[in-house]
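Chains as they are written, first to last, in this note's numbering: chain L, 7 to 271; chain C, 1320 to 1579; chain V, 55 to 518.
Just so you know, these hints were derived from the structure itself, not from any lab. Computed from a predicted structure; not experimentally measured. Just to be clear, a hint being listed does not mean it is correct.
Taking beta-carbon pairs under 10 Å as the criterion, some of the chain V residues facing chain L (in silico) [said to hold, decoys possible]:
hint	residue
1	Arg-134
2	Pro-147
3	Gln-162
Using N, Cα and C, we set each Cβ at its ideal position, and we do this for glycine too.
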Amino acid sequence: MSTAKKILAKGYLWLLLFFMYAPIVIIAIFSFTEAKVLGNWTGFSMKLYQNLFSGSVGGSLLKAVENTLSIGLLSAFFSTLLGSVAAVGIYNLKGRSRQAVTFLNNIPMLNPDIITGIALFLLFVAVGITQGYVTVVLAHVSFCTPYVVLSVMPKLRQMAPNTYEAALDLGATPGQALRKVIFPQIRPGVVSGFILAFTLSIDDFAVTLFTKGNQGLETLSTYIYADARKGGLTPELRPLMTVVFLVVLVLLLIINRRSANNNKK
Amino acid sequence: MKPIKRSAWALPYTVFLVLFVALPLVMVLIYAFTGRGGGVSLENFVRFFHSPEDLHTFVYSIEIALITTVLCLLLGYPAAWIMSNSNLNRSSVTVMLFILPMWINMLIRTLATVALFDFLRAPLGEATLIFGMVYNFLPFMIYPIYNTLNKMDKSYAEAAQDLGATPIKVFTKVTVPLSMPGIWSGILMVFMPTISTFAVAELLTMNKIKLFGTTIQENINSGMWNYGAALALIMLAIIGITTLFSDSEQSSEVETGGLI
Amino acid sequence: MVASEKHILDLQNVSKRYDGKTILDNINLYIREGEFVTLLGPSGCGNTTTLRLIAGFIQPDDGKILLEGEDIAGIPPYQRPLNTVFQRYALFPHLDVYDNIAFGLKLQKTPTDEIDRRVRKVLKMVAMTDYEDRDVDSLSGGQQQRVAIARALVNEPKVLLLDEPLSALDRKMREDMQIELKEMHQKLGITFIYVTHDQEEALTLSDTIVVMNEGRIQQIGTPTEIYNEPVNCFVADFIGESNILDGTFIKNGLVEFIGHEFECVDKGFGRRAPVDVVVRPEDVYIRRSQSGTQFSGTVRTCTFKGVHNEIFVDTDEGYEMMIQDYNAFEPGERVHMLIKPEDIQVMRKECTSNVLSGTVRDAETVRILGGDFPVANSFEVGSEVKVEVPFDGIELMDNLDDGVISGEVHSILYKGNHYHLTVRTEDGDSLYVDTNDIWDKGDLVGVKFIGQGIKLSKAEDETD
Chain L
7 MSTAKKILAK GYLWLLLFFM YAPIVIIAIF SFTEAKVLGN WTGFSMKLYQ NLFSGSVGGS
67 LLKAVENTLS IGLLSAFFST LLGSVAAVGI YNLKGRSRQA VTFLNNIPML NPDIITGIAL
127 FLLFVAVGIT QGYVTVVLAH VSFCTPYVVL SVMPKLRQMA PNTYEAALDL GATPGQALRK
187 VIFPQIRPGV VSGFILAFTL SIDDFAVTLF TKGNQGLETL STYIYADARK GGLTPELRPL
247 MTVVFLVVLV LLLIINRRSA NNNKK
Chain C
1320 MKPIKRSAWA LPYTVFLVLF VALPLVMVLI YAFTGRGGGV SLENFVRFFH SPEDLHTFVY
1380 SIEIALITTV LCLLLGYPAA WIMSNSNLNR SSVTVMLFIL PMWINMLIRT LATVALFDFL
1440 RAPLGEATLI FGMVYNFLPF MIYPIYNTLN KMDKSYAEAA QDLGATPIKV FTKVTVPLSM
1500 PGIWSGILMV FMPTISTFAV AELLTMNKIK LFGTTIQENI NSGMWNYGAA LALIMLAIIG
1560 ITTLFSDSEQ SSEVETGGLI
Chain V
55 MVASEKHILD LQNVSKRYDG KTILDNINLY IREGEFVTLL GPSGCGNTTT LRLIAGFIQP
115 DDGKILLEGE DIAGIPPYQR PLNTVFQRYA LFPHLDVYDN IAFGLKLQKT PTDEIDRRVR
175 KVLKMVAMTD YEDRDVDSLS GGQQQRVAIA RALVNEPKVL LLDEPLSALD RKMREDMQIE
235 LKEMHQKLGI TFIYVTHDQE EALTLSDTIV VMNEGRIQQI GTPTEIYNEP VNCFVADFIG
295 ESNILDGTFI KNGLVEFIGH EFECVDKGFG RRAPVDVVVR PEDVYIRRSQ SGTQFSGTVR
355 TCTFKGVHNE IFVDTDEGYE MMIQDYNAFE PGERVHMLIK PEDIQVMRKE CTSNVLSGTV
415 RDAETVRILG GDFPVANSFE VGSEVKVEVP FDGIELMDNL DDGVISGEVH SILYKGNHYH
475 LTVRTEDGDS LYVDTNDIWD KGDLVGVKFI GQGIKLSKAE DETD
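All chains should be modelled from the sequences, with the hints used to inform the complete structure.
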């Protein structure tokens, strides 16, 4: 490419990025001022950040954050457990049964959130389960686990053929072979799967909305949704969104660093 | 004594999948085909086709989704192509910056866009809806295309040049056809969420414009489960048809978000 | 070390099937203590499956495996006193060299100082003394190979199983490792069972070679026996270079092939019986003068191969012979050949025509192998018949639709003036075809009968 073309190309990329990030940057900037209306700069202030953790906004918001994190951790834990064990199983399945399980495993990833949410909602309603914390975790496990399976599977495939047999051959029982040989080799995939599941869980909105019931359970997403529908943009949402953005940024950097390291190996 | 087969380890998850993935979808089917008086009935679907408002919303949603998808493709393909040609590796800053928004809560990004329109004093309406959708979903178009282009063996293009193709011919006759899997995945990954979204449209237009997702959600919320399930099934059918266009293999590969 | 007469392993009537496909068909084999046995055959012949059965990773569908006279059917692999060196080594990447080798000993709760002593001993044996702390991924292929061998040997197994252990190494390295393996075997006195598809490797290393093909044992013998006295065309073709020719056994000590009669040392094939004849290229004597020779021809090509020249000669009777000689010849040169009686290996033909069963559809058609072949007959419609089709009575076609049925070229044997092909039909039946056309292994072909020489007879009722 000639220099002019190169500059044009680079310029296009940066222009796109500028537009993509303009909203979040504006929010971040105006989270440091008190003005009710976005765009008015009334001097630097941390008031909105303070409001986040106190007063009328603070209490329910903190509760929502707490729910989001605990649901995220629980869902990530159960999906990782279920998904890692399942990956070993699926890896050793053959033919039609493997196809069938893989097909089922793909459904949650291909299904739009709203369908997943409604489907689970109808199931819980039909069976007569009161919806709340538990149903949200179950729902999150159902759409997070496929991603765990998908992040563990490549590690199993990368394993040298006959690794498991070699362990048995050297005197390890099947249990020992899994603990001492298979698990250490798929651990990076398991950890990535956990982080991924956690990220997906705290990010979810639609599925949570349909499965949280009406007992007043709110996660960050549903809280923001309810709040924004009520009265447009509450000023306190600005610092909140800035914080969430930073958290996701950090999580993503961790995941990417891990996968970059793994690729090098 | 026979040791447990390792394939049996898939069993607990298979049970889970049947209970919490397959069964819920069956429930949607059952509810959709159940009439007011109970019993199998098509009345929910009949009702949909006799409701001008819902039909209109449905067609309008498809329009918006198509426009969004086309705009994302037109804006995204060049970006993906430029990135794949400029010696960036997967973890480089530019690529990361394009992927990052995929991982931020859709609501937060939408609200941020709304904030931008606020800031610019732009009135919320159809134009902001489409702009907002494109903002939201552009990364989902760029990433799969970039991925395909990046993995593509550069020797194809070199071979085409060697056989006398001009750079434009190389692009139209080799690069684009070979990146079709990525294009299809991108289309799928943009079209699917745009057709099914509800919160995004609500927030972007402050409830001035209603999309099909909102119709479904409103029905479910107000206890019209059977009708809501039927509408969900209709949406699923649209998505199913879109998926058929692209190879299911390709889409599942890209659906993983590509970060792992 | 000379193998004792004591059997360490016995395989009795062992069969293994996967998805209805027979991988091993009634294998009978014994292995003596201290012996170096090679299971040799092309990929898919069943040798790796045999090894995995012995190791215990899979169970036989029929038959028994005895270790020192005791059935080991119920014993899981981790309790068998055998160790395996895997094809791609299967070293554990999360452990270093020392921990890989110590893996088995640690599981047995061996005291630390003994582990240390034994690991060092095997490391010394495989010449890897200074590599204990190395990451296995940082080792070269040859070094990984040594670690894999050390990891198996440190457990002092009764039998060491080696599954194509050298196949991932380059040629030079492979030859060095062969010598080392042979020395190791002689020093240790452990029984080695070695799987390979490389016939040179098998000839170099083994006390006994077991040649396998398509799940069956073809021949068991010492390297010299296998090379000099192959029992059938497959063995002759697979081991070394050879001229394989159709012949007629006229009487004891006299066999006819390539249009000439030769004296031979074989007996007992009957009178005027069709046989296969094998002559190794180094056993054909080639001269410029005619005196004392048996047949003549013209040199087609002559290629220098390092030690000898490889010469292809077209004989006056229209056969092609491959000959190895220290002298070089010019293409087009007249030459005269001689084969000594003891260098002619006569083998019974497995079959002389395709014997198939068919059902009469009408006076013009017989249904055979799932296809309706036009065969004129006078049998009752619907009756079962035996159909004999000569090897040259079958025609193969590029276009599958031109044939009555279709199949895949499964193996090719050059018989001096024509090719002898095995064609595998879609249902897995074999057809033998003699042809002058050149086909490649794996080609898909249409099959039809030329029509001459087909013999029909009433099917014998009792042969079900």
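Tested hints:
1. Arg-134: 8 Å, holds
2. Pro-147: OK, holds: Pro-147(V) within 10 Å of chain L, min 7 Å.
3. Gln-162: Holds - the Cβ of Gln-162(V) comes within 10 Å of chain L, reaching about 6 Å at its closest.
No hint from the list above goes unmet by this structure.
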